[in-house]
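Use these hints to put chain W with the ligands onto chain U, whose structure you have.
Here's the letter readout for the chains.
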Amino acid sequence: MDKNSWKPWLYLLPALVFLGIFMVYPLFDVMMYSVEEGYNSASQTFYGVGKYNYSYVLRDPYFLQALKNTFILVIITVPLSTGIALLISVGLNSIKPLKELYQTVYFLPYVTNTLAVGLVFMILFKKTPYSEGFVNQIIGFFGAGPVDFIEGPYWAKMFVMCFYTIWVVLPFKILILTSALASVNPDYYKAAKVDGTSPGRTFLRITLPMISPMVFYLIITGFIGAFKAYSDVVAIFGTDLNAAGMNTIVGYVYDMLYGDSGGYPSYASAAALILFAIVLTITCINLLISRKTVHYT
Amino acid sequence: MKIVLENLTKKYPNQNRKIKTEVTAVSDMSIEIPDGQLVGLLGPSGCGKSTTLNMICGLEKPTSGRIYFGDTDVTELPPEERGVGMVFQSYALYPHLTARQNIMFPLQNFRGEKKLSRSELEARAEEAARLVQIEQFLDRKPGQMSGGQQQRVAIARALVKMPGVLLLDEPLSNLDARLRLQTREEIRRIQRETGITSVFVTHDQEEAMSISDFIVVMDTGVVQQIGKPQSVYDDPVNLFVAKFLGTPQINVFDGTVKAGKLFIGDEAVLDVPGVPDRDVTVGIRPEGFVPDENGVLTCNLHAIEVMGRDTSVVAAHPAFTGHEIRAIIRSDERPEGSGGTVRFNLKEKKVYLFDKDSGERIRF
Ligand SMILES: Nc1ncnc2c1ncn2[C@@H]1O[C@H](COP(=O)(O)OP(=O)(O)OP(=O)(O)O)[C@@H](O)[C@H]1O
Ligand SMILES: [Mg+2]
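Each protein sequence line maps, in turn, to chains U and W. Quick note on my numbering: the first sequence kicks off at 1 and runs consecutively. Quick note on my numbering: the second sequence kicks off at 1 and runs consecutively.
For the record, the hints were derived by calculation from the structure and aren't laboratory data. Fair warning: this is a prediction, and the values are worked out from it, not measured in the lab. A virtual CB, placed ideally from N, CA and C, is assigned to each residue, including glycine. Check the hints yourself; a few may be wrong.
With the C-beta cut set under 10 Å, the calculated list includes, among others, these residues of chain W facing chain U [claimed, not checked]:
no.: 1; residue: Met-86
no.: 2; residue: Gln-89
no.: 3; residue: Leu-93
no.: 4; residue: Lys-161
no.: 5; residue: Gly-164
no.: 6; residue: Leu-167
no.: 7; residue: Phe-364
Isolated chain U (complex conformation):
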C-alpha cells in the first residue's frame, strides 16, 4: 500500500497542473494586482500595497451603477426563469402527443448564438427613424405611447435586459427539469392517486421534493450565471455600456482592462474580487438553505 502512495498523485498530476496554471495562479495574480497601488502597466511598477483600489472601485459611480444593475438582474431573472422553466417543464411532461417536438422547440434558443438572439431582440424592441419596433406596435395597438426600450428610460432598458436574460437561460433549465421530472418513479404518482391526493398537493409534496436537487442546482448556477452577465448586455446595448447606464460588474471589469477608459488592471482586479466575494456569499447562503429544503436520495 505504502509504496504505491505516490500513484494517486501521479494520476491527479495532469489535472492539478492545469488547474494550477489556469485557475490557482491567475486567482493569486488577481489578488496581487488588487492590492498593488498605483500600478503602471507600461513600467510594471507600483508605489505600494494597500486597499486603495477597493475603496476607489467602491466609490466609483460607474461601479455602483454596475452593481445595482447586476443585482436587479439577478433578483428578477433567477427566480422568474426557474419558476417559468418549472411551469413549462411540468406542462411538457404532462402532454403526450408531439412531446419530443415541443421539447426540441423549447431547446432551440439554447443552440442559437447569443449575439444573433440579441439582434432579434434589437429588432423587436428598437426604435428606428423608419419604424417604432415590433413591440411598440403591439403597445400602440393597445393605445399606449411608444417606449424607447434601447435608449429610453432605465426601467424600459432593464425590462428588455431581464426579458432577454430569462429567454436565453430558459431552454437549459427546461431541459434539466423535464429530464428530472421524467425520472420520478411513476409509482409515487400512482400511490398518491390511490390515496386521493390533489394535483396541487402531489406537486408540492411529491414532485417538487423529488426534483429539488435539480431545482437547487439550477438556482445556484442561475445566480452565478446572472452575476457574470456581460455578453447578453453587449448583444443588446452595444459595447459602451457605461453611457447606456446598463453596465454590469463583469462589464466594468472589462472596461477597466480594455475599454476606452481602460488600462487599470488593479481596479479591474479589485472589482473582480468583489464580485467573487458576492458570488461566494450567495452560494454559501444557498447551500445553507438547501440543507433544509433539498432532498437527496
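Just chain W with the ligands now, kept in the frame of chain U:
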C-alpha cells in the same frame, strides 16, 4: 367488503403502431371474492396480474366488464373514491418523508368533514404502525430502513385510512428468502386481524399457496382455475396449472392409452378405465413415485440427492419431455443404487392425464 369482477377485459393498443392488433392483458375475467378473504392472484410474468389489480383500484379503466365492491358498481369511480389501499411492488414510499409522514400522507388528503386533527393523525398513524410492528422506526426515512421494514411501512400506509379492500402487488419480491417467509406470515396475520378483503399478487406459487384462502391461477390474461390452494394442487384442470403449481415441478411424459391401460414407453403403468385409446400427456407429481424393485416404470438413475427429511431421485426416461425426472421420496424408502436403473410404482392420485394438444385434463 365483497369484490366481484364480472367479465373484466383489458386491451392495450399495441406499442408498435404499425401493428393494429391490440394486446389483451386481461380477458373476460369473472371472480367473486367473499368478504374478509385473502385471495392470491397467481401466474407467470406478463399474465395480467398487475393489470387486474390496477383495474380493481381504479388506476386503469377496463375495456369492458364491471367491478363491484359489495353491491356498489365502482367501475366508473376514480381510485380515491373506491376506498382501496395499495401496496406497490417497489413500495413507492416517498423517500423524503419519514415513515410517520409516509403513513400519515393518505390521511392528510381528507378534506371537509373527514379532515382529521393533528392528534388524530398521529394516533391513527401510530395505530397502523403498531399493527405492522414498526413503532420504533417511525422517525426514520425509507432509505434508513431494511427492505422488510419498508415493506411494513408500505402496508401501514395502505391500511391507515381503513380501506375496504387491500391490494398487494408482489409485495415480497424485493425481499430475501428468509424475510419473505417471515413477511408473508406477517401479511397473513395483519389480514386476519383487520379482516380486510385482500388481493395478493405473486408469481411465486409457494407464496400464494401458503397464505391464501383461495387462489386464482392466470395465464396470458385468462383465468385458468380458481379454488383452495390444496384442491387446485390436487386437482388441476389443465397442464398449465399442473405445471405451475408445485416445486419441484410436475414430471411430464408422453404416453398412450390402449385398452384402458396407460403406457409410458412400452410399460403399462396404470389402469385408466373409461379413457378411449389415444395419445396423452402424463403428469406425475414428484411425490407420486414409489421406488419398488418390481415397479412398473423403469428409469435410468442419474443421482440420489438427500435433503434431510426427503430424498430426491433424479432420473431419465425416453418418454420424458423435460430435462430430468425428479421424484421426492421418504429417506427411508431409498432405492439401492443398482446397475443404473430404478423402478417405480405410481400413486394413482398423483398421476394426471392431459389432452396432447389442448392440455385439458382427461379424467379417469
Ligand atoms: N400500458 C401498457 N401498454 C401496453 N401493454 C401493456 C401495458 N401494461 C401492460 N401491458 C401488457 O399487458 C400484459 C400484462 O401485463 P401485467 O403488467 O398485468 O403483467 P403481470 O402479470 O403483472 O406481470 P409481472 O409478474 O411481470 O408483473 C403484458 O403482456 C404487458 O406487456
Ligand atoms: Mg406485475
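Quick rundown of the hints versus the structure:
For Met-86(W), the suggested interface contact is upheld, since its CB lies about 5 Å from the closest CB of chain U, less than 10 Å. For the restraint placing Gln-89(W) at the interface with chain U, the shortest Cβ-Cβ distance is roughly 8 Å, inside the 10 Å limit, so the hint holds. Given the 10 Å rule on beta carbons, the hint for Leu-93(W) holds: about 8 Å separates it from the nearest Cβ of chain U. At about 7 Å, the closest approach between the beta carbon of Lys-161(W) and any beta carbon in chain U falls short of 10 Å, and the interface hint on this residue holds.
At about 13 Å, the closest approach between the beta carbon of Gly-164(W) and any beta carbon in chain U exceeds 10 Å, and the interface hint on this residue is violated. This hint holds: Leu-167(W) has a C-beta 9 Å from the nearest C-beta of chain U, less than the 10 Å allowed. At about 48 Å, the closest approach between the beta carbon of Phe-364(W) and any beta carbon in chain U exceeds 10 Å, and the interface hint on this residue is violated.
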